[in-house]
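Enquirer: Residue numbers (numbering that gives the first Met the number 0), protein chains in the order written: chain B, 0 to 217; chain D, 0 to 217.
Be aware that a few hints might be false.
Below, a list of computed lysine-lysine pairs in the DSS-like style, where the Cα atoms sit at most 27 Å apart [what the hints assert, rightly or not]:
(1) D/LYS34 / D/LYS187
(2) B/LYS28 / B/LYS146
(3) D/LYS187 / B/LYS34
(4) B/LYS113 / D/LYS174
(5) B/LYS34 / B/LYS174
(6) B/LYS35 / B/LYS146
(7) B/LYS174 / D/LYS187
(8) B/LYS130 / B/LYS34
(9) B/LYS174 / D/LYS113
(10) B/LYS187 / D/LYS113
(11) D/LYS174 / D/LYS101
(12) B/LYS28 / B/LYS14
(13) D/LYS187 / B/LYS28
(14) D/LYS14 / D/LYS113
(15) B/LYS187 / D/LYS146
(16) B/LYS130 / B/LYS14
(17) B/LYS174 / D/LYS174
(18) D/LYS187 / B/LYS187
(19) B/LYS187 / D/LYS101
(20) D/LYS113 / D/LYS187
(21) B/LYS187 / D/LYS34
(22) D/LYS187 / B/LYS113
(23) B/LYS101 / B/LYS187
(24) B/LYS187 / D/LYS28
(25) D/LYS130 / D/LYS146
(26) D/LYS35 / D/LYS187
(27) B/LYS101 / D/LYS187
(28) B/LYS28 / B/LYS113
(29) D/LYS174 / D/LYS187
(30) B/LYS28 / B/LYS12
(31) B/LYS130 / B/LYS28
If you are wondering where the hints come from, they were derived from the structure by calculation, not from laboratory data. Here the structure is a predicted model, which is why all the values come from computation and not from measurement.
Number of protein chains: 2
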Amino acid sequence: MPTHLELELEAIKSKIFEMADLAIEAISKSVESLKKSDTTLAQSVIDGDSLLDQLEITIDDECIRVLVTRQPAATHLRLVLAILKINTDLERIGDLATNIAKETVRLQGQPTLKPLIDIPRMAEIGIEMIKDALRAITEMDPVIAEKVIERDNEIDELNIQIYRELFSYMAENPKSISQALGLIMIAKVLERIGDHATNIAERAIYYVNGVDVRHSDD
Amino acid sequence: MPTHLELELEAIKSKIFEMADLAIEAISKSVESLKKSDTTLAQSVIDGDSLLDQLEITIDDECIRVLVTRQPAATHLRLVLAILKINTDLERIGDLATNIAKETVRLQGQPTLKPLIDIPRMAEIGIEMIKDALRAITEMDPVIAEKVIERDNEIDELNIQIYRELFSYMAENPKSISQALGLIMIAKVLERIGDHATNIAERAIYYVNGVDVRHSDD
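Take the sequences, apply the hints, and build the full model.
Expert: Take a look at the structure:
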């Protein structure tokens, strides 16, 4: 039979998965709103962010309560500490999706430079990274998490590529500056979402192995 | 006589202040390197970031050790939890200063659009915010922290102003695009440093009052 502590940890885990689902949905909807110039969808991302904010506070509170009342040790303690940090990353991912949605609202009505391919691809990779980082926790498999960390390069390279391409657009056609600048900002936001997914993967490895892999390849 | 726990908390506090000093120095040097087009100084910021990375891991480890071995309660527990989160913010601030330094290296040799005034001003405000947020912890004074949170608007407004100004530069003179884009990115980075300083102030209020003020005005 599971202990009180184990039951409480399961409850916290399911809340952090709920938080991840909301963050992923926010990324996906914000990029969809950009592709379709759909300001109503963009506004729903902006309005929905308060849900993530509330959930962040709830999860922090529950982690603290478990720390105080159950005094977990070893793997259980590492899980609580990992979740405390993952929680911050997911809330930040929600904020970043909101930034994309706000840029969509700002860009609305401006001519599309070209069909968006690389930006949705960056979002896709970011979402896969978040999902896999959390799967590494459920399956307690550090190899999955290591693969997430490696994929951050894919996002970084797409960001550089998008920057170069839009830079040329601006130089050739000053009328495109406003939109190109918006897309450069959005690519940068997605690159940061990749950084946060990497953080989550690092916390997953810490939880499973007890090893802190942050900055190990700096 | 102070208890073991109190002595250990003092040691952790002095490490987090050391971390803050390093982060502040990184911001200050990176903006100085930009002003003077000094790539050697910029490189020293980039190289120095590993110190912050190492200190982050040390502080996290010591917080965890205190949680496990001393099982702190009430104010003491809140201090450890606040420091665990502040630690992440300060490490991120160090990364952001590195981004400014990298942009300085990239921009080197390009003509200056005009003397830099607003960007150094943003850096100054950011540094004052970080210092005051930590002073709120030492003096256990939530009013200082509340003022820090209010000041985030100043940085946000400077960022918007810089964006508008550089946007006009680009539209008028496509040759300025590369440098203007670099400065827009740097202003955005400083705006994010303000966000992290705000986070630190919120954690200070949580530590002193036990009240979570995150997202309370959303």
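Enquirer: Hint by hint, where does the structure go against what was stated? Just the numbers, ascending.
Expert: Of the numbered hints given earlier, those the structure breaks are 6, 14 and 15, listed in rising order.
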